[in-house]
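J.: In order, the protein sequence lines correspond to chains A and B. Using our numbering, you'd call the opening residue of the first sequence number -1 and step up by one each time. Using our numbering, you'd call the opening residue of the second sequence number 499 and step up by one each time.
Take these hints with a grain of salt, some might be off.
Derived pair list, reagent style BS3-like, types lysine-lysine, alpha-carbon separation capped at 27 angstroms [what the hints assert, rightly or not]: (1) B:566 / B:600; (2) A:55 / A:7; (3) A:7 / B:540; (4) B:554 / B:600; (5) B:569 / B:600; (6) A:55 / B:605; (7) B:605 / A:7; (8) A:55 / B:569; (9) B:600 / A:55; (10) B:554 / B:566; (11) B:540 / A:55; (12) B:554 / B:569; (13) B:605 / B:554; (14) B:600 / B:540; (15) B:605 / B:566; (16) B:605 / B:540; (17) B:605 / B:569.
Hints in this document: simulated from the structure, not taken from any laboratory.
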Amino acid sequence: DSGVTQTPKHLITATGQRVTLRCSPRSGDLSVYWYQQSLDQGLQFLIQYYNGEERAKGNILERFSAQQFPDLHSELNLSSLELGDSALYFCASSVRASGDNEQFFGPGTRLTVL
Amino acid sequence: GESVGLHLPTLSVQEGDNSIINCAYSNSASDYFIWYKQESGKGPQFIIDIRSNMDKRQGQRVTVLLNKTVKHLSLQIAATQPGDSAVYFCAENRGSGGSNYKLTFGKGTLLTVNP
Chain A
-1 DSGVTQTPKH
9 LITATGQRVT
19 LRCSPRSGDL
29 SVYWYQQSLD
39 QGLQFLIQYY
49 NGEERAKGNI
59 LERFSAQQFP
69 DLHSELNLSS
79 LELGDSALYF
89 CASSVRASGD
99 NEQFFGPGTR
109 LTVL
Chain B
499 GESVGLHLPT
509 LSVQEGDNSI
519 INCAYSNSAS
529 DYFIWYKQES
539 GKGPQFIIDI
549 RSNMDKRQGQ
559 RVTVLLNKTV
569 KHLSLQIAAT
579 QPGDSAVYFC
589 AENRGSGGSN
599 YKLTFGKGTL
609 LTVNP
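One chain only, chain B, in its complex shape (with noise of 0.2 angstroms):
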């Protein structure tokens, strides 16, 4: 089936710590991934994405991680700052060639950064 879940609803962790917010997805097929933000009363904020031809991709204090073989998606945030609490989602993309655009959004994860 189409499905892109996450393990945990809810994260809260201590500021200045690592955070790591985990994805998995169904769909073999697909071929790119993204992890989007979203602040309480905002839409949603591009943070990173990776190709599936990657399995690694670093950003500034962000990091994805892409496992292929379970199918499964990480976000990784360095030193983890009270302006980082928000919903993140992961997506997934099959079909990026154009012709078949489709974007499947996960539930969320909700990070709390506690001070």
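So that you can see chain A by itself, here it is in the shape it has in the complex (with noise of 0.2 angstroms):
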């Protein structure tokens, strides 16, 4: 157990909709990083959140946004969802902003769009 929680453990949803994705990071991390697994792409760095600022980009489409409250969960939103968009999705935290320290997955979201 890492001590990063994700929920849902599994959702599923139609084309078109949303979805709202929720992450609580380990105790005393202030960075939170999501990323996406998918069969064809393999794990692709999403979006990092620092103690409520956005710190850094990875390959997120406009459809898709993330917050960092002040409790330090983190939510990702998936808007006008489509059938490419299933996939898993996790939620790391660590410590520092910095790239160069330990991140702590959680066990994941799965993502099935029909």
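Take each chain as given, in its own frame, and dock them per the hints.
T.: Dropping the structure here:
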């Protein structure tokens, strides 16, 4: 158990819909990262927040957005869903904002878009 | 371009043997490298990391080697056990100073340990 929690574990929805994925970082970690894992693209970095502020952006689509709240939990919002958005979405957390520190991954949310 | 790739997508070894998983990277500006292990149904788990000012780092049963000349990274697992069966990812990060974080993962290598 990494200490990072994600909900829901599974999510099935239809194209065009909007969903929200939730992540609670490890106690004491200020940095939260979101990743998308699909069979054809592998593990892709989406976005990073540190202490409530956006810190870095990766390959995140404009249809996707995220935020980190004062209690440090984070939400990833996916809208106008397409079939290709079906994937595992992981949240990770770390103590520092820089990329050179260990990240702890949550168990992931499996999103299926029908 | 930006890419972190793996030479072998699958690796099958006998229990007790040593395993070597390879990874090539193309960005000479990368200064920090990480190996992650992902078991089926779970999120990636940190194994070991290495900075670009080092060429070798050892952990418990694992060793990471970095060859900057040929942009090659390897993970060696000693006395491989069935519990080591998983997908192993290498990742590179550019800009460890904090303001330029970007972690790029390889596609992964599936390690299967036969009893």
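J.: Which numbered hints does this structure break?
T.: none
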